[in-house]
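Protein chains: 2
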Amino acid sequence: MQQLSVPKGTRDFLPSEMAKRNYIFNTIRQVYELYGFVPIETPAMENLSTLLGKYGDEGDKLLFRILNSGNYLSDIRPEELNPHNAYGLSGRICEKGLRYDLTVPFARFVVMHKNDLSFPFRRYQIQPVWRADRPQKGRYREFYQCDADIIGSDSLLNEFELLQIIDEVFSRLNLRVIIKINHRKILTGMAEMAGCAAMINDLTTAIDKLDKTSLQQVKEELTTKGFSADAIATLESFLAIKGTPAEVLQSLTHLFSSSETGQQGIRELSTLFTYLNTMPLQSRAELDITLARGLHYYTGTILEVKSAEVQIGSIGGGGRYDNLTGIFGLPGVSGVGISFGADRIYDVLTQLGKFPAFVEEKIKVMFVNFGPAEEKAILPLAMGLRQRNIPCLIYPDQAKIKKQMAYASGLQIPYVAIIGEEELKNHLVTLKKMDTGEQTQMSQEQFLQMNF
Amino acid sequence: MQQLSVPKGTRDFLPSEMAKRNYIFNTIRQVYELYGFVPIETPAMENLSTLLGKYGDEGDKLLFRILNSGNYLSDIRPEELNPHNAYGLSGRICEKGLRYDLTVPFARFVVMHKNDLSFPFRRYQIQPVWRADRPQKGRYREFYQCDADIIGSDSLLNEFELLQIIDEVFSRLNLRVIIKINHRKILTGMAEMAGCAAMINDLTTAIDKLDKTSLQQVKEELTTKGFSADAIATLESFLAIKGTPAEVLQSLTHLFSSSETGQQGIRELSTLFTYLNTMPLQSRAELDITLARGLHYYTGTILEVKSAEVQIGSIGGGGRYDNLTGIFGLPGVSGVGISFGADRIYDVLTQLGKFPAFVEEKIKVMFVNFGPAEEKAILPLAMGLRQRNIPCLIYPDQAKIKKQMAYASGLQIPYVAIIGEEELKNHLVTLKKMDTGEQTQMSQEQFLQMNF
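Those sequence lines, one after another, are chains A and B. With our numbering applied, the first sequence closes on residue 600, and no number is skipped along the way. With our numbering applied, the second sequence closes on residue 600, and no number is skipped along the way.
Next comes chain A alone, as it looks inside the complex:
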């Protein structure tokens, strides 16, 4: 027999996994829709000209490229067909690639369809993305992203509503989380006050590691990157500020006296925390001025969601960016977005045993099959349940009863309906509750009224 496999880093999803994954996706989708977001989809393939140069050199290497159809070598000069020209040649024999995230396709979408969209545009998108990363535990080459963005509005109400969405999603999933909040302009303020404004990207990259490594290691990284001892000391004093959000923002107002950018960050976070005081979340939302997030396109508020129950990386995050569509020639479109890490949320729910039982219990009743005469009686009963939107199935073959019952157990079907010779004669149904084994006989009319 041929040895079968799926490509490394990709997965099949069995029905029980699908049920749990759909529970997560549906929860996210429902909350997005409750807040007035509408769905879009983009093709799995994009032109490489759309994708290249948007994710840095590393990202470009991680794109899956699709070989041109037909004779993809017909326009290639012999000297290009050279084992040392693999990268250059790939640009000539592949025009398309699989999407790497949902953000760049969304930016392209907005520019292409701007005349068909109403701004502020609130879209959500739940689709797979592909990355030729080295597969490892919890990291896949095909995985779903669940993004929501509002573009074309500067209002901080958007940030607040995205926090409400995060809060509502995790509350519906029965997970306790901590939402960390910061602002890129506060990081810029720190950099300006420490005299290292030009090195802001190195600074955020280093600070971003604070929750994984020690302060000492971050300081060493900053030294290696060329930050002066004075600058590092100033930065350290900022990062050490403690207190309530209001207190911390108050301290920063004084310390950022000469950073207009820093002051703007403080004003915006003050507004955001005023929303949070007026309409408190169920989750803990905290100001964390050490939060940096690696992605350099963020320019305003940044968010990150951590589980309060399980030690795992972030399970959601987001932020505001000033110029999403600028890369495609449409400048000045500001937006703010969030994303949920569905695979990690799956792992957290599994680890805590918090998937509700109903998630896997879709089929409510199985009808045992004793042969054609009984089947004839069963068909209208199955139809009756289905008309009431109760999922059920008829065992299709006249197999041994033991085999049929084992099948129902295997599928976690809670009820089995038995119509044998006696039931057939007297128009009865025997209903077996599978978890207790309890059996009840009833008329067919009663059966059709049952709540399962």
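Where hints are given, some of them may not hold.
Which copy? The list can't say, so a pair holds if one copy fits it or any two copies do.
To be verified - Only pairs whose alpha carbons sit at most 20 Å apart, straight line, appear in this in silico SDA-like list of lysine to any residue:
#, residue 1, residue 2
1, K548, F267
2, K550, Q398
3, K551, F267
4, K502, E569
5, K548, K580
6, K373, T498
7, K367, S482
8, K262, F161
These aren't lab readings, by the way, just hints derived from the structure by calculation.
Dock chain B against the given chain A, drawing on the hints supplied.
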């Protein structure tokens, strides 16, 4: 500005298209689940060893191949790097391809996971597939398939339930359809009685064109393929049989006197039509012994769904196959499946104007934004609606009222809630019904009880 596009044959879906597409997908999904089918998903990419040789030479050419990551040329000998070796080289520089349909990945899935599945296994799968076909009207390079199959059971109850599913899906979509039914063994019976059993594939390929071309042209194709005049005359007499299903099957019983295979086909269709007589469908289900369906892996019942209202190709179909997983070394797994053509169903619904209004009307209420004080009053009202699962949105910016109203109209939001200075002072809400322009003032408590 960079000229933006999506790869040819692929599409973006705007929110209004998504709403309509999801209406179709959700209807299909709900009915599949009502009949006890459970979802699975497989990766977009499969190993080319899984895909190649399963769709004929033509199909192999239509596979999208994914260039190997890293230096894909490192193991290639210089003589292989030859413009005349494009096809051979593609097999060396690409190990993976995008799935071409859901059937072959499903067969692979069943073989790989057979120990984790309960048989008979009823699965549905709704995912995109990719084909490097020449794009044309109504044919895309990326499109969704919506398949359901039952494998590991020979019972004709499965065929009947699949007919019930087709019937229920189109009934919920408010579309009138004709379901044509035939049996591959009846076609084999015809071929055997006409003395051309060895040419059954040529026969089905030719007969399959009967609904698009004339009988004369089909006869010419058969002549070209080497069928004798006698054989063609016999076949023609079979195809001319008319009557109720029972009458046609009766006639064939006599005509197929010496074809055991033909007799088996007749017996199976008789059983299926007995089910249909006992539990009639809402749709017209008819025996059509000229129905052939092109796919050669069908071995039993075959089905095809046509719109009764619009001239368009088939909008669904299916059939029984004896040996789905044999290609992967697991013989003897019989199954039967159906598939819905979502893109064509979309076109039919559009043409007939049969998408219900609620499909695009997801957001029920928009709150006009007059500034921070009003916003503070709006936030608990929006939360109140959301707690009742009523989707709503707050216009995020303090824009001109005209602009805000136009935004609500553009998004087809049926109600706009206005809280201005006066409403704020008196704890009121003015609710405007957008289609009539009618305005009603009410207390905030009344507003929170409203049904939208």
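To see whether the hints hold, each was checked on the structure:
In this assembly of identical chains, K548 and F267 lie within 20 Å of each other by CA distance solely across copies; the values are 14 Å between and 62 Å within a copy. When the C-alpha separation of K550 and Q398 is checked against a cutoff of 20 Å, the pair qualifies neither within a copy, at 72 Å, nor between copies, at 39 Å. When the C-alpha separation of K551 and F267 is checked against a cutoff of 20 Å, the pair qualifies only between copies, where the shortest distance is 10 Å, while the shortest distance within a copy is 59 Å. Neither within a single protomer nor between protomers do K502 and E569 lie at most 20 Å apart by alpha-carbon distance, with minima of 43 Å and 46 Å respectively.
Taking identical chains as interchangeable, the C-alpha atoms of K548 and K580 lie at most 20 Å apart only when both belong to the same chain, with a minimum of 17 Å there against 64 Å between chains. Proximity of K373 to T498 under the C-alpha cut-off of 20 Å is found in neither arrangement, the shortest distances being 41 Å within a copy and 60 Å between copies. For the identical chains of this complex, K367 and S482 are neighbours neither inside a copy (33 Å) nor across copies (65 Å), given an alpha-carbon limit of 20 Å. For a Cα distance limit of 20 Å, the shortest separation of K262 from F161 across copies, 13 Å, qualifies, whereas the shortest one inside one copy, 36 Å, does not.
Checked against the numbered hints given earlier, this structure breaks hints 2, 4, 6 and 7; the rest are met.
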